[in-house]
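Trainee: Residue 37 in the UniProt record's numbering is what sits at position 37 of the sequence shown, and the numbering runs on without skipping anything.
Rather than coming from a laboratory, the hints here were simulated on the basis of the structure.
You can trust all of the hints, since none of them are fake.
Listed below are the simulated SDA-like cross-link pairs for lysine to any residue, each with C-alpha atoms no more than 25 Å apart in a straight line:
#	residue 1	residue 2
1	Lys108	Asp140
2	Lys163	Glu87
3	Lys108	Ala25
4	Lys35	Arg132
5	Lys85	Gly145
6	Lys163	Asp93
7	Lys67	Gly95
8	Lys163	Asn66
9	Lys131	Ser33
10	Lys67	Cys36
11	Lys85	Gly129
12	Lys131	Pro150
13	Lys108	Arg84
14	Lys67	Met142
15	Lys147	Gly39
16	Lys67	Ala25
17	Lys85	Pro109
18	Lys35	Met90
19	Lys85	Ile2
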Amino acid sequence: MIEIPSDLHKDLVPLVFLLGNWAGAGVHDFPGSEKCNFGQEVTFTHDGRDFLEYRSHTWVLDNEGNKVRPLESESGYWRVDAHRKVEVTMTRDDGVVEIWYGELAAKKPQIDLVTDAVARTAASGPYTGGKRLYGYVNSDLMWVGEKQTPEVELRPYMSAHLKKVVTPEDVERWAKALPDDMPDDGIAFFK
1 MIEIPSDLHK
11 DLVPLVFLLG
21 NWAGAGVHDF
31 PGSEKCNFGQ
41 EVTFTHDGRD
51 FLEYRSHTWV
61 LDNEGNKVRP
71 LESESGYWRV
81 DAHRKVEVTM
91 TRDDGVVEIW
101 YGELAAKKPQ
111 IDLVTDAVAR
121 TAASGPYTGG
131 KRLYGYVNSD
141 LMWVGEKQTP
151 EVELRPYMSA
161 HLKKVVTPED
171 VERWAKALPD
181 DMPDDGIAFF
191 K
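When you get a sec, could you build the whole thing from the sequences and use the hints?
Mentor: Laid out in structure tokens, this is it:
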């Protein structure tokens, strides 16, 4: 269910499908790095201003799906303009800061992003840019990331399938929003 919060900045309505807490799993595979399955938690929040705040934490999973160790963390801010152009500023735990630009697809909740600028600290590994695709598919958030280094051409390196995390506060809010005249058996509601 997609809800538009009453205090959401009007410019962010096209990105409302991102809002909330998401969790799931994916695959990481890039030359020079460990190939693994990973778990991920993502949060998109807002405070009424014209951006979404973004946080992502990933960790390596063992064969049973247990957390082994942290993989990557990143945070940033997402904006969209009246022409559906999206801009993202992102900082990653490995010492990389990125500016991403892209656009929201017409008539579907999909965002294509490409790095415009990359800054790296001395401690970060080699990295020259990337692409990302985010999509809201059947109430799930899916994404794939590509990256390139001076030694490796642009190629996919991470992808994940995330489910919306439902909190007790969500359930309470939905319960309060139910109409007073709900049928007792529930079946009449679908007729």
